[in-house]
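Could you use the hints to bring the two separately framed chains together as a complex?
Residue numbers (the working numbering), protein chains in the order written: chain D, 1 to 266; chain P, 1001 to 1377.
Everything labelled a hint here was simulated from the structure, so no lab data went into it.
Since we're looking at a predicted model, the values are computed, not measured.
Using N, Cα and C, we set each Cβ at its ideal position, and we do this for glycine too.
Any given hint could be a false lead.
[What the hints assert, rightly or not] Cβ pair distances, simulated, as ranges:
no. : chain 1 : residue 1 : chain 2 : residue 2 : range
1   : P       : E1334     : D       : R27       : 31 to 39 Å
2   : P       : G1023     : D       : E148      : 20 to 28 Å
3   : D       : Q31       : P       : M1001     : 45 to 53 Å
4   : P       : R1172     : D       : D212      : 32 to 40 Å
5   : P       : N1142     : D       : G165      : 54 to 62 Å
6   : D       : R87       : P       : R1172     : 32 to 40 Å
7   : D       : D154      : P       : D1358     : 52 to 60 Å
[To be verified] Not everything, but these chain D residues come out facing chain P in the computed CB check (under 8 Å):
no. : residue
8   : M48
9   : Y95
10  : P132
11  : E163
12  : D164
13  : P227
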Amino acid sequence: MKIIVCVKQVPDTSGKVAVNPDGTLNRASMQTIINPDDLNAVEAALKMKDETGCKVTVVTMGPPPAAGMLRELMAMGADDGVLVSGREFGGSDTYATSQILAAAVKRIGVEKDDIVMCGRQAIDGDTAQVGPQIAEKLGLPQVTYVAEMHKTGDTITCKRMLEDGYMTIKVKTPCLLTCIKELNTPRYMSVSGIFEAASKPMDTFDYNTLKDDPLIDPTTIGLKGSPTNILTSFTPPQKGAGMMLEGDDKATCDKLAGILADKHII
Amino acid sequence: MSFNNTDIAAFKDVWVFCEQRQGKLMPTDFELISEGRKLADELGVKLCGLLLGDKVDGIAKELGGYGADKVIVCDSPLLKNYTTDAYAKVICDTIEDMKPEVMLFGATNIGRDLGPRCAARLHTGLCADCTHLDVDMPIYKNFLKASSTLPEEKIDGMKTAKVLGEDHDVSRDLKMTRPAFGGHLMATIICPRFRPAMATVRPGVMKKNAFDQKKADACEIVKPSVSLSASDIDTEVVEVVKAAKKLVDLIGADYIVSVGRGISKNVQGGIKLAEDLAAELGGVVGGSRAVIDSGWLSADHQVGQTGKTVHPKVYVALGISGAIQHKAGMQDSECIIAVNKNDTAPIFEIADYGICGDLFTVTPLLTDAVRAAKAAK
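So here's chain P without its partners, still in its complex pose (with noise of 0.2 Å):
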């Protein structure tokens, strides 16, 4: 079989897929924008971000200020909620007109839906949950250095990869890497065949740019004309809820008590003590997927590879044994306390601070602990 995205040279720029909900951009639209800038200009190309939505215009501009030079806004009612079927045809109506050579979804409920789709009919490779993105050799490179165990004489002899039995040359392709096997292993993914490259990259991993005013007014606005009718959407949005309950963010916050297996014994009384803590700490509570699995907190507070990738400034957990899906989601905190009543749990290998003994006696005094060191400051 014969494919038409094969001319590598025919395909240029950097481009975003930026989600909007409600006409509201999302905060990963702008950790794409500031990643995506990085990447374009390693290749040396333009960053454009595509938006689609039901009069959206108004907001395509801040993304500017992150850093994008262009926004592509696709505009039509029949855009307003996200349905698969609709946003796929343009998105890859698009695509195939103006040709980027790389193309970034955030790895939202949304970006995981609408990437494979359009990967699988554009013929092209796509790389799920990406946690860190390269172009330029060296800088890779650099990061292999600091986050593998690879030997350096091996890293530094890397130059191309085997692609069908062939050396082919890896300086210009988009090097994705992200967790697998539950984080016991990491992969770096390349597409070198086809083009667009596309990633689905994990959301609040990615750090966001200062924004800058001046570069947002002098963003670019394209509107290509949409070809859409309500024949090319075979699915019916009936609602769009927003969940009720306030959601924990997770992923903004400075402080985080997450609780494990260990809180069994009294589950409520185990969360409000770390409710507690987490409240004195001014930060959030979140919890492990055995935490989440039996339903003694929502999905939203789960940290780790099915969960959250968090980077706190101080990441306390309490009863958690430390499997390596919750430590690939919480391990580049800046400071990580463990309480655990086992000494030899995994999370201790991690920990800067730990202290074995049972978090139901420990947790109140460490409570009551941060509260007078903060007052004596």
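Just chain D, with the same shape it has in the complex (with noise of 0.2 Å):
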């Protein structure tokens, strides 16, 4: 049994964003982070291994860079790591991601009692479309939302929120999975783990390595295989500051509770 977890490298957008002149996002003077609900489906992943022995392996999309979080997530104790890269696949949407990462999955191998998990969404783009994308390209069965899971034989039975409530579903290995917040709290790196991560496997898919399979054809990967397109990006307006009230005392509150009975707001 193994679980493929695939990850992604998000800039923070809870510092400080810079945009550029152009509109775009100035990503070179951003942090990078380990998406946070990725966290949650690494850590689903390493428990299953804590209590079966399962191997773990971590794949991520993304520029060379991203390799370095695939070392931390082996010293959390993932057993090995796929860097997928490559220019071809610059530029994707979640549909053309989803092509890649499929293919990627599948090449690592997805076999009758295995699982693929993900994060909900990422902070960078918060579609939350990638998962289900990848479970359809690989005809495998998805549960989103996942707040709990136990797994029994070859069924999990998983919790998976709604806003007003929740479902009970049970789905059987092979399949996909997507994790809240909710599922567990993530660990951290142990001194041992980061002195084994450095001689874990690594290996990197690029364009070549995938090419032969019938997902990766540039009429479906990268920006040309993206079935959306940017129109405009753009950043909204400030709404201009109002009126700063001098004070904190009770004749300040009142000033203020005046002011919105005056103008019918209360």
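This is the structure in structure tokens:
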């Protein structure tokens, strides 16, 4: 049994974000982090490894420096890593990204008792689309928004969150699950893990590695294979600052309530 | 590779996937039907609701009251509860058969499971979690003028997009606008080469039309045959559980009092003060991501890019610094009141009224002041 976890390196949007004059993001000025939901997927896989001794493979698509992130995940306990990287893959939207990642996962190999795991969504795009689209390309059943999971034999019972409650869903392996932060608390790298990580196997898949897969075609990957195009990108105007009231005492609060009442806001 | 959905002219009409849970339509359905009506009018085509479920004919006509010309009802005992496999199969079959040019889903936990699966199968583009939709160019340009910092000349000159190196006329394309990078940037996405153009749409953002009984009565219902068997479904729904606790209705609230990291020195006390003020205003309590991540309030209270988008009459931010993710979810509130100890907190940049002070001191005074002001009316 093995678990393949798809992860993404993302700009840390919680910090200062710089925007270029042309309206694009100044990525060079930003810290990169491991996408938070993906860490929950890795933790779920490592928990299962602790219990069953299964293998955990982490895979990412990105520029060569993303290999550093895979080493960090190996220091947490992942057994090996695959970096999917190539100029031909650049400019991919979610459809094209899922074609490439599905081909990579296929090459790693999905056996009868394997699981593919993803985070719910990445904080740079917030689309939550790549997980389900990989599942479709691999012909696997999917369960998204997984907050709890238990495996018995070849069946995984998932608590799948809804806005107004949850569903309990049973799915057989092989399958794809997308994880939310309620699922677990990701572990830290261990000191021995950091030592071991450097010698764990890491593979790189480029265009040539994957090109014989029917999913990989110039019409389905990269910018040219993306069904969507960006028409415009822009920054929203800042709403002008309003009135800063003097003081922080009763008189200030009375004044504010008076303004709200006069304007019929309350 | 060749695809069978590139003949753009063969696709017509705007469709809205109308989600039901336990046989009840979701509020998002009415928002999407209302928005879909606008898009269908801009395109000069019909608006159809697509409703899947088990014995759901009875709820279909209501969608007409918000603007649907027609509702396609796919009925099967196997569609009673949502499963990705069954719903994706029936929706993709119906789309391939009847060929809509636009397909909208609510960006609910179900819509965001289903939309990508369908888009991947149909080989078309899907834009996630949209907050604004247009077709008509002049209307889109007016939107950009009001909602972007782009220069007017640049907006006025827009006509085409570079698609595979060629100029593509975008006048009939669905223009799907959404926040990216946690709200730092907005992007308008098109799906120029394939149909249908698909979008999931953020709940609570699109305005609902007034219900019209005459239109509901006139709404046409069609029931295509559904080809679905148990062997098509690889997951088993064991149970569907409604949250025992009543969830907070942020989207429908006129008054929201939200708390942020500023309550950390006395979490329960801070939440109590927010609840008191919310009760006085007749509203509900929300929270920033920090508050939800720390487990101080449950996830249904979260306002922001990864939470809910709200536009109440009054939004009170207590001890919230105003990270861009948070602003993305509340900056369109009619009146924003911010209380923060730090006079350089970014929340003050968008607040209509700001008080620099400790929320533990200011909030009870404000609650009393609101009570007094209301009593004096």
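Take a look at whether the Cβ-Cβ distance between R1172 of chain P and D212 of chain D falls inside 32 to 40 Å.
-> Between R1172 of chain P and D212 of chain D, where Cβ atoms are some 38 Å apart, the hint holds.
For G1023 of chain P and E148 of chain D, compare the CB-CB distance with the range 20 to 28 Å and indicate the outcome.
-> holds, 27 Å
Can you let me know if the beta-carbon spacing of D154 of chain D and D1358 of chain P is within 52 to 60 Å?
-> With Cβ atoms ~57 Å apart, the hint holds.
Go through the hint on Y95 of chain D and say holds or violated, using the shortest Cβ distance to chain P against 8 Å.
-> holds, 6 Å
Is 31 to 39 Å right for how far apart the beta carbons of E1334 of chain P and R27 of chain D are?
-> holds, 35 Å
Taking 45 to 53 Å as the hint, is the beta-carbon distance of Q31 of chain D and M1001 of chain P inside that range?
-> For M1001 of chain P against Q31 of chain D, whose Cβ atoms are near 39 Å apart, the range 45 to 53 Å is violated.
Per-residue hint verdict: M48 of chain D, partner chain P, C-beta under 8 Å | violated, 19 Å
Indicate whether the distance between the beta carbons of R87 of chain D and R1172 of chain P respects the range 32 to 40 Å.
-> holds, 33 Å
Status of the P227 of chain D interface restraint (C-beta, 8 Å, chain P) | holds, 3 Å
Does D164 of chain D meet its interface restraint, that is, does its C-beta lie within less than 8 Å of any C-beta in chain P?
-> holds, 6 Å
Beta-carbon spacing of N1142 of chain P to G165 of chain D - inside the hinted bounds 54 to 62 Å or not = violated, 40 Å
Does the interface hint hold: is P132 of chain D within less than 8 Å of chain P, judged Cβ to Cβ?
-> holds, 4 Å
Violation of the numbered hints given earlier is confined to hints 3, 5 and 8; the remaining hints are satisfied by the structure.
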